[in-house]
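Protein chains: 2
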Amino acid sequence: MSKHLSKNKSSLLAIPLGGLGEFGMNMMVLRYGDDIIVIDCGMMFPESELLGVDLVIPDITYLKQNREKVRAIILTHGHEDHIGALSYILRDVNVPVYGTRFTLALAKKRLEEAGLLDKVKLREVLPTRKAEIGPFEIEFIAVTHSTVDCVALAIRTPIGVVIHTGDFKIDQTPVDGAPFDLHAFARYGNEGVLALFSDSTNVERPGFTPSERVVVPRLEELCRMAPRKVVLSCFASSIHRIQQVIEIAQRVGRKVAFVGRSMVDNVEIAHSMDLIKIPDGMVVRPQDIRAFDPKKLIVLASGSQAEPMSSLSRIAVDSHRFVTVDENDSVILSARIIPGNDKAIFRMLDHMFRRRALVYYDNSAGTIHVSGHASQEEQKLVLQLVRPKYFIPVHGEYRQLFRHAALAHQLGVVSGEVLLIEDGQPIEFTAEGAYRTEPVTAGRVLVDSGSLEAIEEFVIRDRKHLSEDGVVVPIIAIDKHTGKVESTPEIVTRGFLPSENTQELVNGAREMVLRTVEQSNSEEKKDWGVIKEKIRVDLKKYINKHTSKRPMILPVILEI
Amino acid sequence: MSKHLSKNKSSLLAIPLGGLGEFGMNMMVLRYGDDIIVIDCGMMFPESELLGVDLVIPDITYLKQNREKVRAIILTHGHEDHIGALSYILRDVNVPVYGTRFTLALAKKRLEEAGLLDKVKLREVLPTRKAEIGPFEIEFIAVTHSTVDCVALAIRTPIGVVIHTGDFKIDQTPVDGAPFDLHAFARYGNEGVLALFSDSTNVERPGFTPSERVVVPRLEELCRMAPRKVVLSCFASSIHRIQQVIEIAQRVGRKVAFVGRSMVDNVEIAHSMDLIKIPDGMVVRPQDIRAFDPKKLIVLASGSQAEPMSSLSRIAVDSHRFVTVDENDSVILSARIIPGNDKAIFRMLDHMFRRRALVYYDNSAGTIHVSGHASQEEQKLVLQLVRPKYFIPVHGEYRQLFRHAALAHQLGVVSGEVLLIEDGQPIEFTAEGAYRTEPVTAGRVLVDSGSLEAIEEFVIRDRKHLSEDGVVVPIIAIDKHTGKVESTPEIVTRGFLPSENTQELVNGAREMVLRTVEQSNSEEKKDWGVIKEKIRVDLKKYINKHTSKRPMILPVILEI
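These protein sequence lines map, in sequence, to chains S and D.
Residues 1 to 560, numbered by my numbering, are exactly what the first sequence covers, in order.
Residues 1 to 560, numbered by my numbering, are exactly what the second sequence covers, in order.
Everything labelled a hint here was simulated from the structure, so no lab data went into it.
Some hints could be false.
To be verified - On the chain S side, residues computed to face chain D include the following (Cβ under 7 Å):
(1) G115
(2) F208
(3) E486
(4) S487
Stated by the list, open to error - Mimicking DSS-like on lysine-lysine, the simulated pairs with C-alpha atoms at most 25 Å apart in a straight line are:
(5) S:K464 with D:K109
(6) D:K532 with D:K480
(7) S:K549 with D:K464
(8) S:K464 with D:K343
(9) S:K464 with D:K480
(10) S:K480 with D:K484
(11) S:K549 with S:K464
(12) S:K464 with D:K540
(13) D:K484 with D:K532
(14) D:K343 with S:K480
(15) S:K484 with S:K532
(16) S:K484 with D:K295
(17) D:K464 with S:K540
(18) D:K295 with D:K255
(19) S:K549 with D:K109
(20) S:K343 with D:K464
Stated by the list, open to error - Covered stretches of chain D, as calculated for chain S (at least 3 residues, CB under 8 Å):
(21) 390-403
(22) 470-476
Every value quoted in this text rests on a predicted model; they were computed, and no experiment measured them.
All residues carry an ideal CB built from backbone N, CA and C; glycine is no exception.
Whole structure, please, built from the sequences with the hints as guidance.
Here is the structure:
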């Protein structure tokens, strides 16, 4: 396989723009001739070093450069890492969005918030049905995952069938009775599949991921034995989990209350579509929780990741309007502790322990959470069923893609090649083979959700600098005619040193700035850029010598 | 048990100043009458939101207030969370420091770096030996842990014996042949123990922590089968681990090289004390690694937590002076992935995968790392042996202390009371019982390691503000006699918006500032504090309206 420039009109290009090399912001582009479709449109949450960044989305320069060729965005399911960038991307590339009913309902909510709803065409799809988009014929295949209404895609192109699993696990006993459509995968496998793109998230786990139903015995035990009310938190999109808790509540003689905006929204949407079944009289309104018999109540709350303003975080510090946690209440965290959130989550749970709640947060004494992603045996099963010519691991950090590739090698069912690629590294499929072509622009766009604006890397670097040792602003006023300094230099600092130690330092800095200006020759004095830089360098040395700190220094010359 | 003010001269106070409620900065103070001893003097690493903070140490206001009463600092072992604050605390409270040979050697290094070595008295102790300090008679008891030369303390006071475990596990087959001194614990248990303070770190783990030796089969297999060189990273203080790797190297016919400052330092110190045995001719110098047959080499590198400038981090991005990782080299992370470091560690390992190294980082195919802390069964064993009157869980976040307390309750061997306390909450022991007394000042002191200065919380808040939306500095020059504005206002921004969008905004802001000043009445104009605040408020509104951002605004008025 060699790199070459694609000139071939009758070839299929697969161009990963997100999710291959990181956890989140999934986006895979398929191009045949002059037609492009985009699979998923996800965001990811920023690492803590991305100061002031609210979310991260894929760089879609490639799509913008080929705007007139893009035909559609196809969504596999409604998680943020698959739909969260929609309102940003659609502003640049407004094309119809395909998805199942629940997925589109979640997408709608986001488009509505962004004021884009009436500008975007939404096309609802159904598992087993097909959509034709240019040269692509797409069959939607039901898969099981931690939310409802999830699909894989079988995409028939002029040079062969491509299967994209989306996110999946193989749940043999799904809560909603809608199984993973093994037969569809088998059928395409029989027919012959050009390329398989498959979810790598859980490749580090051997065996099978347990069925969603596996959480029932322990959750039921905890809810049955709880001496007082139960506060259970899971992801608001975990409709199956919520359904099971409602059924448990009924069996143990408790009612349920829903708190948290995303929890309430998701339950309402799912309920309106009959994707969640709530018996009449089961629901206690949030405002009635306080007066309700705690022995008869389960509160379903969002905020399992200790998001700062979420219900569970507020309950933990006793600042929730409707819910308190008191001695002998039970708190159940029925969710994964996502790496990076651990400290915040445990801080939150510590507050629950201090209130003498009974706190459950791991599977050590019985399963209270299962993953929604396929483990190794399920990944192997999909590879076996599909036995593609080419296999491309997707959705994972590099080591996960690597290990998924290794798994496929070990299995030996890939007749052509296992292709380990990352964002921006296209593969061209032709009748002859598969080739790596020239990289395209790909990367992260950092978004401030307040202004909806992209934040450039240099701004983050500045913020990082500011955040480390603060800022020092030396200011001098110079008479624009005489070049004479018209006042004592002013020095403003913030985030730098405690004020008690600053006065002496600031006085010294003032003298230093004055000296720097005075000792400059007349040519330098005319070029304020030079003067500013001299002040910056001298002040930096001075401050570092006296404090070992390196604040950002922003000299200002005021012309009067 | 009730809160009361201690007036009793013949009572024992236990005052936790660190490590009870957080992971790290361990420090327990014991006071009898006018004599105080301090057990451990640890630091912890800051959470990422503590911008510009290098390390966190306990607030020792209580010790400073009772400076003339403090007799000694007793160290249980040489980990940073037990000795890392020494050079800061000793500047305020210079007392003799007691510890075993290896522990003091590590302490010495830190004191030397801080220029304190010749100012501090170090007193070497030996397991089974005793030291008398005022009314305290302290026996040092050998315990096993992930570093060498670790002790628990049995402290005889006029009102009873107190046992403090330090950090421990119960390793039945210790690498150095020095076992956990079960007999000493049993002896004190027989005699009767007033209070036990015991390590809670691993209370969430059922069963026994495996012996350090358990890593040998898998590490030996990996080193034996490795097609090329092995790069193995562990904590530099894991002397047992390093010893075992050296022995493995010998058995599989490889030599070892040590890279990384802390790795080299620790090995040298341990070797000089005969705590690590290295056969002659086993060591390859770092500068000879490149030329050495990779099939015959194991490189021991520090940096298992992906610390930015560490050897392993630099090797990963191919910027290490002496070590590269190439295709089919093996990389073994023989260390815990500390929560919070996961993202950085996996980013580092991803680079290793990209170089086509064989990467091992978990115990899924055989144990390559074991913990140094006691699991539940070991914690129970210590409780059973000591069967104290009072039990106080130490070293853990609140939930861990809580669960350790619950474990003790369940066991039923504590004849008096299980006392769940946090930093700053003293317990007073008298002949009659144990009482919670008035809280003392306790908390975190944030340290900038460059300047060795404490950073106050408000400085961190300012940095946090700066880091989110950057800084905007509006500056006007006012004639001090006439009160007239002498120039167009200058607006300096940083970390705020990309420059392309700023010009228009800045022009508008200038006009706004000018208007704010002009529209102020003459009284306001004389009070620059008022003018500044008006500018700040108006500009804040203006910027938020146009950008949805809330930068820090620092108005400056220059008097000319």
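Now the hints, each set against the structure:
no.	hint	verdict
1	G115	14 Å, violated
2	F208	15 Å, violated
3	E486	4 Å, holds
4	S487	4 Å, holds
5	S:K464 with D:K109	31 Å, violated
6	D:K532 with D:K480	15 Å, holds
7	S:K549 with D:K464	17 Å, holds
8	S:K464 with D:K343	18 Å, holds
9	S:K464 with D:K480	37 Å, violated
10	S:K480 with D:K484	17 Å, holds
11	S:K549 with S:K464	14 Å, holds
12	S:K464 with D:K540	22 Å, holds
13	D:K484 with D:K532	15 Å, holds
14	D:K343 with S:K480	53 Å, violated
15	S:K484 with S:K532	15 Å, holds
16	S:K484 with D:K295	71 Å, violated
17	D:K464 with S:K540	22 Å, holds
18	D:K295 with D:K255	10 Å, holds
19	S:K549 with D:K109	24 Å, holds
20	S:K343 with D:K464	18 Å, holds
21	390-403	holds (count 4)
22	470-476	holds (count 4)
Of the numbered hints given earlier, the model fails hints 1, 2, 5, 9, 14, 16; all others are met.
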